[in-house]
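The lines below spell out each chain.
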Amino acid sequence: MRLLRLTLHRLAVSVPVLLIILCGVFLVLQLAPGDAVDALLGQMGTADATLAEQLREQYGLSGNAASRLVVYLWRLVRLDLGFSVSYNQPVLDVILSRLPATLALVVSALALAFFAGAIVGVAAATKFGRWQDTLISLLGLVFYAAPSFWLGLMGILVFSVWLGWLPSGGLQDLSANYSGPRLVLDMARHLLMPTVTLATIYFAIYLRVIRASMLEVLSLDFVRTARAKGLRESAVIYRHVLRNALLPMITIIGLQAGAMLGGSVAIESVFSLPGLGRLAYEAVVQRDLNMLLGIVFMSSILVIVINFAVDLLYAQIDPRIEAGA
Amino acid sequence: MRRRMGRHHRKGCEMNDLMINRRAFGLGAGATILAGGMSPAALAQETPRRGGVLTVQTYSDLRTLNPAMRASYAIHIYTSKMVEPLVDLGVDNQPVPKLATSWSSSADGKTITFKLREGVKWHDGKPFTSADVQFCAMEMWKKYQNYGTLLHRFLSAVDTPDPHTAVFRYDQPMPMELLLRAACELCYVVPKHVFEGTDLLKNPANLAPVGTGPFKFVSYAPGQNLIMERNPDYWVAGQPYLDRLIIRVINDAAATTASLESGDVQASFFSAIPRTDIVRLAKDNRFRVGTKGNEAYTILNTIGFNTRKKELADVRVRRALAHAVDLNFYCEEFLMGYGKPAKGPIPSTSSFFVPGSAQEYPYDPKKAEALLDEAGFKKGPDGTRMSLRLMPNQSDDIRAFATYIQQSLQKIGVKVNIELLDAAGYIAKVNRDWDFELCTDTNLYRGDPGVGSTIWFQSGVPAGTPWSNQFGWTSPKLDKLVEDALVETDSPKRKAMYGEFVKLATDEIPVLMALEQVFISVASAKLRNDHNSPRWPGTSWADVWIAS
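For the record, the sequence lines run as chains A and B. Counting in the numbering used here, the first sequence runs from 1229 upward without gaps. Counting in the numbering used here, the second sequence runs from 32 upward without gaps.
With the rest of the complex left out, here is chain A:
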């Protein structure tokens, strides 16, 4: 019952937030010079004025901005994301075709960053002030500071061009025509480098967060008590300290999952992956309003859902926090 109430409450808060986001994106794109037809003409490299008018009519771009916004929102109420001008397909179809690649990339990168970050962060905290800690912190700083597109390109240079171990980009080997488990394996091979590249920056963040919060928890009284009652050091660290230190990590994951679902334009460009980030970027360049709003709408919903899930997870990890309290 409490869960239901919480859900309803969250839903009620989310609707106005969603509305503000969508109106904001709509208005910002109105401020950019040129519309979808201009972008289309740019792609054609030529045009005449009558053709442009004809296209504007066809794509429903001739009305004023306010009425188009109302039309869009009304369609959204009926769960219709509309038609993409730049892809000549329904927006939902295009987004769904891009979603699996993005999800695979994001989920694996987040998981990798989370576990690697946690392990290395704990190691740094337990060796606080020693050379291991300094080394790990330095590594974290390097990964945090290095731009991901650069890491990606260096990865391609080393593992594809020099060593020839991994493919340089794409989602699958198109010339091989694999199916079944071979296809899965092939896709995993293609996703390995992008995943690691995308994970590095998040790894650096998690590592620093977990190290800091471990150090904080380590100084608390109950840790001294646990040690005093003769628990093994590993039991103290993993059962008492880590569990408490994980809470800020989960908060951050909740916040970042949404951002990562929006995709990473840099990673997708470097590895030529068909993801949502690149799609959103193209939508802006092509002034494809329906597409951009569709992506924003979907990612907003995902952020809301993930944050809700994070709230529930809090209660699981720390029984002192009650969901909805």
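Simulated from the structure, these hints should not be mistaken for laboratory data. Check before you lean on any hint, since a few could be wrong.
[Stated by the list, open to error] Label-pair restraints from in silico Cβ distances:
| hint | chain 1 | residue 1 | chain 2 | residue 2 | range |
| --- | --- | --- | --- | --- | --- |
| 1 | B | Ala527 | A | Glu1281 | 33 to 43 angstroms |
| 2 | A | Ala1339 | B | Lys446 | 51 to 61 angstroms |
| 3 | B | Trp465 | A | Arg1410 | 49 to 59 angstroms |
| 4 | B | Asp464 | A | Val1305 | 52 to 62 angstroms |
| 5 | A | Gln1317 | B | Pro79 | 30 to 40 angstroms |
| 6 | B | Pro263 | A | Arg1238 | 58 to 68 angstroms |
| 7 | A | Asp1546 | B | Pro305 | 46 to 56 angstroms |
| 8 | B | Asp464 | A | Gly1288 | 14 to 24 angstroms |
| 9 | A | Val1298 | B | Lys524 | 55 to 65 angstroms |
| 10 | B | Glu149 | A | Gln1317 | 30 to 40 angstroms |
| 11 | A | Leu1413 | B | Arg184 | 48 to 58 angstroms |
| 12 | A | Gln1317 | B | Lys157 | 23 to 33 angstroms |
| 13 | A | Leu1236 | B | Asn448 | 51 to 61 angstroms |
C-beta: ideal position from N, C-alpha, C; glycine also.
On the provided structure of chain A, position chain B as indicated by the hints.
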């Protein structure tokens, strides 16, 4: 070292030949250029190898794959393997038969008859006939296709006396050479039975082409790839040699180089990789790098002047700005030899190029300053004569050139503020609202000046037409010349008229055609029969094969 290389490359460009690893073969500049380490004669003796998959890179993402309704360099890379034109462009810019086998024009130039190839089948098995040509001409080329609407504006009917004859009737004389040259890009034929009676713009075949070409459509994932497979019933017996053809979209220039080097893709077109990589791969004998096979893809980098603005209304100011930019230096140091200063709106690769017709503006900052003084724009106390906005169109190449223009003009006391716009913004602000002082963009030369060159100087084009005369400049003399040339059927006379056009256009320079570049291809040295015609990336590739 870099200077020396620049010279080598420029030479390579001028010879329109593929650059290969000359150092590896110990050859100096001026030595015979060999293709992939073998002489052309040796290549011809090799037996074509069947099979294999060819994967090539492109950076363009397309909304439609119907070349009968949309014409662009990019769409031809994708679709020319599946859909064929009436004629294609052979070496020396001569038309070669494709779906049309022969052609003739009536004495008054108003009736043009095409004999069509017999025994050609669409990919769905139905026969190709003159009715398909008639349908495409009247319903697609004339009504919807960019450039086609202009080319065929006087087309009144296409008669089909028999299934293999199509007679084009025009109200005004149509120069045969204009039609044939334009037909390579604008007269692609798609099947009438697939499109008739449907909403042409929304027909599913626009994204899954049915054609007569050597490759059949398999799948298209926009922004990712297009996959095609061998058409076993192609009308050239034994061709194509390849089993499968994949066009992959890779947007990132550095990633494109990496996929070439790792062997994931075997060719890349339209100067898609960074210039430093072009120079580097040109020295690597796994690749052939050069402008050969791209002669029809000549582009001109422009500097446009909005003559409605008081500073730029004065022709002396426009000439001064033209004198102030050292284009030779730019070609050598920034284009790394792949490009040269242009001589007017008709590039030197064109058969319409008349040497000496263009007024030239050699680099001469002293003269530039004198012209500005004379026009009354003296240096202010801070050394500035005037302040202008420069808008480059979206492309790394154009933006680099914009920075160069800015720094060049700074030296003669003209302060330039660069305003960066993306493609849609550029069209809206520069082409439609004319809210600019200086702009820099690309003019794609379309083989015949009547197709895409004269429109940049003509007046009377409806306002808001992109890539036309945005400069607010009018010349009744030029307008008349351009209109007359479009219906002039006498070939030498027509060429002379375009020589005169270049003279007029370069004398008052509403827009300076600054640089001439031919697109650069990078291809694996294992490819055979590649880059063997002037618009090779946009041709059918039926004879291409991969050596083992």
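Verification of the supplied hints:
no., hint, in the structure
1, B:Ala527 with A:Glu1281: 33 to 43 angstroms, "37 angstroms, holds"
2, A:Ala1339 with B:Lys446: 51 to 61 angstroms, "54 angstroms, holds"
3, B:Trp465 with A:Arg1410: 49 to 59 angstroms, "58 angstroms, holds"
4, B:Asp464 with A:Val1305: 52 to 62 angstroms, "36 angstroms, violated"
5, A:Gln1317 with B:Pro79: 30 to 40 angstroms, "39 angstroms, holds"
6, B:Pro263 with A:Arg1238: 58 to 68 angstroms, "59 angstroms, holds"
7, A:Asp1546 with B:Pro305: 46 to 56 angstroms, "52 angstroms, holds"
8, B:Asp464 with A:Gly1288: 14 to 24 angstroms, "22 angstroms, holds"
9, A:Val1298 with B:Lys524: 55 to 65 angstroms, "60 angstroms, holds"
10, B:Glu149 with A:Gln1317: 30 to 40 angstroms, "38 angstroms, holds"
11, A:Leu1413 with B:Arg184: 48 to 58 angstroms, "57 angstroms, holds"
12, A:Gln1317 with B:Lys157: 23 to 33 angstroms, "27 angstroms, holds"
13, A:Leu1236 with B:Asn448: 51 to 61 angstroms, "54 angstroms, holds"
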